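Colleague: Residues per chain, in single letters:
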Amino acid sequence: MTHLRRRPEDMTRRQLVRHTAWFGAAVVLTVIGGEVISHVDGTPAPAADPAADSNVLRFVQVSDSHLGFNGPANTAVEASFGRALERINALPERPAFVMHTGDLTHTSTPAQFDQVRQMLSEVKTGHVLTVPGEHDTIDDHAGRNYRQMFGAGTAGDGWYSFDVLGVHFISLVNTLSLHKLGHLGVDQLEFVRKDVARLSPDTPIVVFSHIPLFAMYPAWGWGTDDAAQALNYLRGFASVTCLNGHVHQLFTKTEGNVTFHSAASTAFPLSAPGAPAQSVVTLPAGKLGDALGIRNVTYRPGNPGLAVKEVTLA
Amino acid sequence: MNRAQLWSIAACLAASGYVHADLYVQGYRALPAIGPAFLLQASGSFALALLLMAGAPALFRWLAAAPAGGALVAFVLSRTTGLFGFTGQGLRPAPQAVVSVLAEILVLVLLAAPFVNRCLDREWKQDVTDTDVTRVRISRWWAS
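So the protein sequences, as listed, match chains A and B.
Numbering follows numbering that gives the first Met the number 0, with no gaps: position 112 of the first sequence is 111.
Numbering follows numbering that gives the first Met the number 0, with no gaps: position 25 of the second sequence is 24.
Do not rely on the hints blindly, as some may be mistaken.
Here are the computed distance ranges between Cβ atoms for each label pair [stated by the list, open to error]:
#1 A:Lys123 x B:Ala65: 43 to 49 Å
#2 A:Gly165 x B:Gly69: 38 to 44 Å
#3 B:Val97 x A:Thr19: 25 to 31 Å
#4 B:Gly54 x A:Glu34: 22 to 28 Å
#5 A:Gly165 x B:Thr79: 41 to 47 Å
#6 B:Leu101 x A:Leu282: 37 to 43 Å
Worth flagging that the hints you see were computed from the coordinates, not collected in a lab.
All of these numbers come straight from a predicted model, not from anything done at the bench.
Where a beta carbon is used, it is the ideal one built from N, C-alpha and C, also for glycine.
Okay, chain B solo, but in the shape it has when bound (with noise of 0.2 Å):
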């Protein structure tokens, strides 16, 4: 992973934290439970951003996709089941829930980007050499 990359992560982390923090000031403070784990993704997500831009472990990349992860299924359940009798309508509120979706979906994209990269490299290599091997065995048969 190249530091373009690793700085968009920590970017992308620490605008989904700003936004957790922004919220919880604004208000979200007063809600049980809620309140606590808005606080612990805000805190949690400027740390990460914090310590990816300072040259951490690769470790800490995959650390990353909690607080991310974390935070988009909570804002799911809320917009479904609820979540600790908690629950929201929409995009909203605007534009903070956009930005965060959005935020935290490009920080998983991101991380999973050289994963998804890797695989694919092997499976096209994998596609040469059945090639390769079809054409040597064509080239014997017209020989013979």
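The following block holds chain A by itself, in its conformation from the complex (with noise of 0.2 Å):
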């Protein structure tokens, strides 16, 4: 008959109890902790129906439908901003303002923008808005088509801000003396200056722009070479969130008070920087609502920021 000896470094059952045991205690810690952080920031919990707070500011960004592309990318960029405007359709609560950032149209004639006009009336929403991207101007550098259709109310080139339930949001336009990076000029870096000096320095102030006002990726033009100045005359406030579209992919980044949100596309996704040469990615069949989407926004008062949830179009 065999005998199965344990050799000394075997472990004892009470040391593989004892193993488990820690174990267990370092997975349901993490578990703890993440609910925990998850939570810091007031999010809302699915029982509590944040719909029911009159006080919560819920608006919706929409960026770069590109309406008259027609590519292997994406063969049908309308039904796909379409779908992002059931998205906000179908919210429980309706948003204040829906705020499209830039790249309304591919080619911005006339026929586009009509398009898209007439595709944004019907979103149930109390305002929609808009900045112009760089492919809103095309052949027309002065933006005319574009601030025709959509620039009542705007100062200088289609510049504007306005107040909602305490939050200040400024709409910048960084395509126009477009070089290689978004510029802003003189003229709106002193509307910025001007407009913000009036406001307590415990006012959220949300700043929207087409090109990103941080330096994403500058060997692309992903930035904005006058932006630090702009930032400049925000840096005393509490809290600054920088919404852009122009790059077709979510990036977050948090600069001192600010804090920059890159939104999706509803048309197409783009090369990530470093790819090799910026492009217009193809997905494979079925892949491409996982790349375009929404973004909901909501602002409680009180709260040290703005809460950022991206929706897909999937």
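Since each chain comes alone in its own frame, lean on the hints to assemble the complex.
Modeller: Quick look at the structure:
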């Protein structure tokens, strides 16, 4: 009969139980930690209906719909944009406004502008607001066609600001004097300086632009050459959120008091920074919806910042 | 490994976890794949830091290398090839990036220190033995 002898280095039953208990504790603590951290910013739990609170500000950002584009990456950009609008209309609570952060059209023809305006008129929201992208001013660097359609109530070359529920919003145009990078210009910088001078430092500020206001990837023109000056005027504020389009992909970055969020397109994705070349990405069938989306933004008074939720068109 | 080293590892892990939790809350939560990874790094680091201070078995010290080393590798990837479509530039956001990288390097250094010490010790002992053998040979030759 063979006797199995325990070697001195073998684990005893008691040791095994002890190790299992430690591992169990590690897993439990990790899960609890994750739960606590993910609720730190006061994101409402699903059980609590945020719709019930009328003080909560909700708005939606859509971007880069490129109506008129026709390529293998998306042969039906109009249908994709329609799906994005359906997503907005299906939200449990009507957003205060919908902001389109540029490149509404692909080649800025009057027909494309007309179609995008018609489609946007079907959105269930208080207001539809826009900033122009560089595709909205093709062959029209002054952006006259765009401003005729969407420029009512704006100053200068189409910039403006407004307030909703204690949040100050600034919409900037950095696509008209475009060289390699986006550009705001002296007049617009002066507008920002005067605009925020009257605000108290605890006013939450949201800035919309088409091209990122941070140097996301300058080699591809993904930045704004004089944005530092504008951000300098916003330095004294507790919470500044910059929302942009142009890059057709999600990206978030925080610099001091400023958080930048780049949005997904509703039309097609672009290659990520670091790729050999900037190009339109053609995804396998059935995968495109995952790369497209809208952004649902919520602000609760008293909270330090905005809660941003991405919704894909899958 | 003495208690001071153990607590230093726990403190550095907690610091790295705190930075990741803070960035997650500040907005990284919105990033696909990166957001959940930050959350896992933060909660895992906190859990391990707590268990190390509570006297967990030696194996848990080596587990501490996972969140620290993983975060460092991810940081380097995000600054070079990109990670899940996410790219960052330099040691930004400041000061979070610097604090996190330093804390993670310290965790790895503190974990490796006893191992390196033991190797150096063994090498030194080997040197002493070799010297002794040579000395005996010389004296025998001299005597003959």
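Colleague: Please test the hint of 25 to 31 Å on the beta carbon pair from Val97 of chain B and Thr19 of chain A.
Modeller: Since the Cβ atoms of Val97 of chain B and Thr19 of chain A sit about 38 Å apart, the hinted range of 25 to 31 Å is violated.
Colleague: Look at the Cβ atoms of Lys123 of chain A and Ala65 of chain B and judge whether their distance stays inside 43 to 49 Å.
Modeller: Roughly 47 Å apart at Cβ, these two residues keep to the hinted range, so it holds.
Colleague: For the range 37 to 43 Å, tell me whether the beta carbons of Leu101 of chain B and Leu282 of chain A fit it or not.
Modeller: holds (39 Å)
Colleague: Hint says 22 to 28 Å; check whether the CB-CB distance for Gly54 of chain B and Glu34 of chain A agrees.
Modeller: Holds - the Cβ-Cβ distance for Gly54 of chain B and Glu34 of chain A, about 25 Å, lies within 22 to 28 Å.
Colleague: Is 41 to 47 Å right for how far apart the beta carbons of Gly165 of chain A and Thr79 of chain B are?
Modeller: holds (42 Å)
Colleague: Per the hint of 38 to 44 Å, is the separation of the Cβ atoms of Gly165 of chain A and Gly69 of chain B within bounds?
Modeller: At roughly 41 Å between Cβ atoms, Gly69 of chain B and Gly165 of chain A fall inside 38 to 44 Å, so the hint holds.
Against the hints set out earlier in the document, a violation occurs for number 3 only.
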